[in-house]
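There are 2 protein chains.
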Amino acid sequence: MRNCLVFDGVCVLKTLRLGICGLGTVASGVVNVLSRNKEKIASRAGCNIEVVQIASRRKKDTCDLTGIDFTKDLNAVVNNPDVDVVLELIGGYIPAKELVETALKNGKHVVTANKALIAEHGNGLFDLADANKVSLCYEASVAGGIPIVKAVREGLAANHITGVAGIINGTGNFILTEMRDKGRDFADVLIEAQALGYAEDDPTFDVEGIDAAHKLVLLASAAFGIKLQFDKVFTEGISHVSTDDIKYAEELGYSIKHLGIAKNIEAGVELRVHPALIHKSALISKVDGVMNAVVVTGDAVGETLYYGAGAGSEATASAVIADVFDIGRSVSNDATQIVPAFGCATHLLKDALIVPIEDVVSSFYLRAMVTDAPGALASIASLMSSHDINIDSISQNEAEQVGDMIPVIMLTHEVKEAKINQAISAIENLDTTAGTVVKLRVAEF
Amino acid sequence: MRNCLVFDGVCVLKTLRLGICGLGTVASGVVNVLSRNKEKIASRAGCNIEVVQIASRRKKDTCDLTGIDFTKDLNAVVNNPDVDVVLELIGGYIPAKELVETALKNGKHVVTANKALIAEHGNGLFDLADANKVSLCYEASVAGGIPIVKAVREGLAANHITGVAGIINGTGNFILTEMRDKGRDFADVLIEAQALGYAEDDPTFDVEGIDAAHKLVLLASAAFGIKLQFDKVFTEGISHVSTDDIKYAEELGYSIKHLGIAKNIEAGVELRVHPALIHKSALISKVDGVMNAVVVTGDAVGETLYYGAGAGSEATASAVIADVFDIGRSVSNDATQIVPAFGCATHLLKDALIVPIEDVVSSFYLRAMVTDAPGALASIASLMSSHDINIDSISQNEAEQVGDMIPVIMLTHEVKEAKINQAISAIENLDTTAGTVVKLRVAEF
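Protein chains in written order, with this note's numbering: chain A, 104 to 548; chain B, 104 to 548.
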């Protein structure tokens, strides 16, 4: 803290000076919110917070840059001796990673909204932050404006957290909600989501669950105190989810949502992103559209849920500034690094064993298309029984007959994924079955 | 911090020493959770957390007291030089207030779950904490285990918070949920709630909204940075809510919940606790049973929601320990008082003008019992019109005829409470109306 408002030789209110890399949606939101709520934020943080420099390829008029030094040189910000905290808001890996590294090496705190960077390179970056006794904060990387990292890491600090599960990709949730409400196909809704700006031109990160996987590893590390293992996340997207299955699930009392699920179990840690059936009695099943929600379960607190906007200029800015506020509060109290990235000191983080998806236990929704012949349903039921899998319900939906094929829909009891895969192969080999069997996991809340 | 684990002359892990006043449900939960998750909590807080002394009138076996000094003298704890943090978990005003005052004067941090004490005496107590440079924390006082104070005060620090509204009394929510699901009367369900231990023998605090009002002023002060004004909260209970009105509201697409609502508007601050209709499209309308949920709306983040157990031994303990963790983290970093009670320094808190209920604007649900005569509905409609009140819907429910009386049910547009009261008097004076008109407010989310 090199800047200080002085009266009669006494520092009355320090100033935390921010340098921002990037001038996109989130950066503009940060400048706008900091300007609009300047006094309020200062009174909360115990110090003034001021943007002194912004670097971006292009100057834009999405926010008022009066009094802020504008440069096209991103390196200027991370090397600026008058900058205390660098906000990395350009996204992607290059040059974001190098900028963050340089800033940390220069003894600057870093706040980022870059989930991909932290999920894939976080272990090294947090070590670098530790070595330089500065903070690297990432609240805005997960679930937009929802203060979920703070809740997990501080608010629930008393708990052995057993699970974190959430709708952490607004684009995917918007698509599934539209498919359900309007009976429209995935491809059709995706085009609308792109037109509305919810989905990128290349929607892979969102619809294939990569974005959710990035966020999930951050949540899991904060909740369980483990190192990041992005490469171990099991990831399944929503492009194969059909309006038919959404409808059948609804009839059974379930919503289909794209979930990130992390569980802290005896065998290790489950890290998986996939579409899942959620019973409608669970609050999270009611989270629709672009909204995000995360359920955190602790041994003391039980089940808690956090809900809000998962994206957007000012919602994400709210989380970026919350991190700045934490740094400001610690700096204004002459403390450093009061918020370890994942709750505990980096050297205490565990290398958790990530459970392979084949060993994950859950209930399943299966749909097989069978010929409308006597005994077709019975033969599937007996086959499940011979594989030692209990069926919760099985029915064939006459109303949905296509030609001479009828969908048979099942909900199973809990069983290992490897075992259900064997049973599915066997069902697909039956003479009465056509094509492949649809398999969706059921998430319990 | 007077206690330290020393290796080779260097303090490697400090110990934060707790003294607990009380050995009830919450205190037992604290001892149990601290013991079970000892290592995890220490690694997060950066210091050991140890209960050194407990004072209570009676020794109980609800937790393991091995290694903890037990005394019947509550004053021993607050005067114990070996205690760094006092947990006030006895509740009520006497002797809780004096104990907290003594502890603060003795330079000890205090953590309390006592909403009544803080709501009614907080202004003085926080001043005392400031004067002694210690923290007085109250996360457990609001919404049990949900880290809502932290979310409002820190996670949303970037925001101008415009509103806080929540289901913050589990007993009331349980009663309303049972009334809806089983069509049972208030009095009937209250007896069950008492038998289940959800309601006290004297249920006044819960069902008349006093408990919710205590929590609401704490939330409002943390959210808006204002002094506590418990005496200004408008409070209406749920004992007058009938199963009929719950049913009619459901038919109109609304749930009836007992809400605490604080709004930060131009005219001042609204502070009110009352039953309210919530449209079923709002997530909070789905929060049932003893669960709590709080919606916080900020100018940057938009609407966020926090959900979890509002009571219970370990859920509340989770919040108590979260406060201890914050103190531990600050102490282990040689900082003091990093968390101002209501976000900003006490001297910056504003004396907000509390808006009188007569000036509060909302939509209303009204039910009048009218004679089944032609024109009865029309005369009410025209009377509303002559009072300049727009009606959103009005209908008379033939199926619910009692003798020759029929309920007429209305939803109005937004209007000042004083104005709706005048219209209600006029309706009650009509020859075709019997008895009083039922009035319930509609809460918008």
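Careful, some of the hints might be misleading.
Any copy, or any two copies together, can satisfy a pair, since identical chains are not distinguished.
Said to hold, decoys possible - Only pairs whose alpha carbons sit at most 27 Å apart, straight line, appear in this in silico DSS-like list of lysine-lysine:
(1) K141 with K542
(2) K163 with K175
(3) K141 with K330
(4) K383 with K143
(5) K208 with K519
(6) K350 with K117
(7) K350 with K542
(8) K330 with K175
(9) K236 with K453
(10) K143 with K335
(11) K453 with K141
(12) K175 with K522
To be clear, the hints were calculated from the coordinates, so they are not data collected in a lab.
Each hint tested on the structure:
1. K141 with K542: neither (51 Å within a copy, 41 Å between copies)
2. K163 with K175: within (12 Å within a copy, 68 Å between copies)
3. K141 with K330: between (36 Å within a copy, 21 Å between copies)
4. K383 with K143: Classified as neither; 40 Å inside a copy, 34 Å across copies.
5. K208 with K519: Close neither inside one copy (46 Å) nor across copies (59 Å); limit 27 Å.
6. K350 with K117: neither (58 Å within a copy, 57 Å between copies)
7. K350 with K542: Result: close within a single copy only, 15 Å intra versus 40 Å inter.
8. K330 with K175: neither (35 Å within a copy, 46 Å between copies)
9. K236 with K453: within (21 Å within a copy, 37 Å between copies)
10. K143 with K335: So K143 and K335 pass the 27 Å test across copies only (24 Å; inside, 42 Å).
11. K453 with K141: between (40 Å within a copy, 17 Å between copies)
12. K175 with K522: neither (57 Å within a copy, 59 Å between copies)
Violated hints, listed in ascending order, are 1, 4, 5, 6, 8 and 12; each of the other numbered hints is respected by the structure.
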